[in-house]
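Participant: Sequence:
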Amino acid sequence: MNMTPFLKKLKDKKLILASNSPRRQELLKGLELEFEIKVNPVDETIPADIPAEYVAAYLSRLKSESYSEELEENEILITSDTVVIEKGHVLGKPNSEQQAFDMIKSLSGATHTVMTAVTIKDRNKRITLEDETKVTFRFLEEEEIWHYIREYKPFDKAGAYGIQEWIGFIGVASIEGSYFNVMGFPLHLVYEQLKKW
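Going by our numbering, the sequence shown opens with residue 124, and the numbers climb by one from there.
Accuracy of the hints is not assured; some may be wrong.
Said to hold, decoys possible - Ranges of calculated distance between the beta carbons of each label pair, as one might list FRET restraints:
(1) GLN222 x GLU196: 42 to 52 angstroms
(2) GLU198 x GLN222: 35 to 45 angstroms
(3) TYR314 x TYR275: 25 to 35 angstroms
(4) TRP269 x GLU188: 32 to 42 angstroms
(5) GLN287 x PHE158: 14 to 24 angstroms
(6) GLU193 x SER231: 39 to 49 angstroms
Stated by the list, open to error - In silico DSS-like cross-links for lysine-lysine, where the CA-CA straight-line distance does not exceed 30 angstroms:
(7) LYS319 x LYS137
(8) LYS248 x LYS131
(9) LYS244 x LYS216
(10) LYS318 x LYS137
(11) LYS244 x LYS132
(12) LYS137 x LYS152
(13) LYS210 x LYS257
(14) LYS216 x LYS161
(15) LYS276 x LYS257
(16) LYS152 x LYS276
(17) LYS134 x LYS318
(18) LYS134 x LYS319
(19) LYS152 x LYS131
(20) LYS244 x LYS137
(21) LYS228 x LYS248
(22) LYS136 x LYS152
(23) LYS152 x LYS318
(24) LYS248 x LYS137
(25) LYS216 x LYS228
(26) LYS132 x LYS257
(27) LYS248 x LYS161
(28) LYS244 x LYS257
(29) LYS228 x LYS257
Keep in mind that the hints were calculated from the coordinates and are not lab data. For each residue, glycine too, the CB sits at the ideal point set by N, CA and C.
Take these sequences, add in the hints, and give me the full structure.
Facilitator: Printed below as a string of structure tokens:
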């Protein structure tokens, strides 16, 4: 595929996406960019004193700093993290069906915040971009929540849900901000930054 005209100057660059997220991989492909995926394991323990609104940026930078290979002159590394914030608390990825149920139940009939941070770096510079979206769910019946959890198994998703899945189709009443940010990648910010790179 020919590269987007605005990004032709990146043709000599090698983009590396350090993420196993199928959503991020799909979205970055949507920018008509070629990239490879390399992921290093990272301890994502969040220090207790970090406010919820700074967690995504902290983890995104941590993933960038933890990348073990030294970047070549032509390489650009992209790392990212998404968090769901409900009443000032970060909802991570659920470890069980019950935890997933409790998370979604807490979001039912209320508005929460989704924050995504993306860190882009090469050998000479690094920048972290952040985006925030407000998502409001209608009241969800318990049977609807259990159906989603058992059929879609959202254990790899912050806040236990994917807006692009069934629960988003039937549950999201309104959204203020970027839809793709909720999916885990604020494409408009990434695109603008890569244009400047």
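Participant: The structure should be examined with respect to each hint, and the outcome stated for every one.
Facilitator: Do the hints match the structure? See the list:
{"no.": "1", "hint": "GLN222 x GLU196: 42 to 52 angstroms", "result": "45 angstroms, holds"}
{"no.": "2", "hint": "GLU198 x GLN222: 35 to 45 angstroms", "result": "38 angstroms, holds"}
{"no.": "3", "hint": "TYR314 x TYR275: 25 to 35 angstroms", "result": "29 angstroms, holds"}
{"no.": "4", "hint": "TRP269 x GLU188: 32 to 42 angstroms", "result": "40 angstroms, holds"}
{"no.": "5", "hint": "GLN287 x PHE158: 14 to 24 angstroms", "result": "21 angstroms, holds"}
{"no.": "6", "hint": "GLU193 x SER231: 39 to 49 angstroms", "result": "47 angstroms, holds"}
{"no.": "7", "hint": "LYS319 x LYS137", "result": "16 angstroms, holds"}
{"no.": "8", "hint": "LYS248 x LYS131", "result": "20 angstroms, holds"}
{"no.": "9", "hint": "LYS244 x LYS216", "result": "26 angstroms, holds"}
{"no.": "10", "hint": "LYS318 x LYS137", "result": "15 angstroms, holds"}
{"no.": "11", "hint": "LYS244 x LYS132", "result": "16 angstroms, holds"}
{"no.": "12", "hint": "LYS137 x LYS152", "result": "14 angstroms, holds"}
{"no.": "13", "hint": "LYS210 x LYS257", "result": "12 angstroms, holds"}
{"no.": "14", "hint": "LYS216 x LYS161", "result": "21 angstroms, holds"}
{"no.": "15", "hint": "LYS276 x LYS257", "result": "23 angstroms, holds"}
{"no.": "16", "hint": "LYS152 x LYS276", "result": "25 angstroms, holds"}
{"no.": "17", "hint": "LYS134 x LYS318", "result": "12 angstroms, holds"}
{"no.": "18", "hint": "LYS134 x LYS319", "result": "14 angstroms, holds"}
{"no.": "19", "hint": "LYS152 x LYS131", "result": "15 angstroms, holds"}
{"no.": "20", "hint": "LYS244 x LYS137", "result": "12 angstroms, holds"}
{"no.": "21", "hint": "LYS228 x LYS248", "result": "42 angstroms, violated"}
{"no.": "22", "hint": "LYS136 x LYS152", "result": "16 angstroms, holds"}
{"no.": "23", "hint": "LYS152 x LYS318", "result": "16 angstroms, holds"}
{"no.": "24", "hint": "LYS248 x LYS137", "result": "15 angstroms, holds"}
{"no.": "25", "hint": "LYS216 x LYS228", "result": "15 angstroms, holds"}
{"no.": "26", "hint": "LYS132 x LYS257", "result": "34 angstroms, violated"}
{"no.": "27", "hint": "LYS248 x LYS161", "result": "20 angstroms, holds"}
{"no.": "28", "hint": "LYS244 x LYS257", "result": "28 angstroms, holds"}
{"no.": "29", "hint": "LYS228 x LYS257", "result": "17 angstroms, holds"}
The earlier numbered hints that this structure contradicts are 21 and 26.
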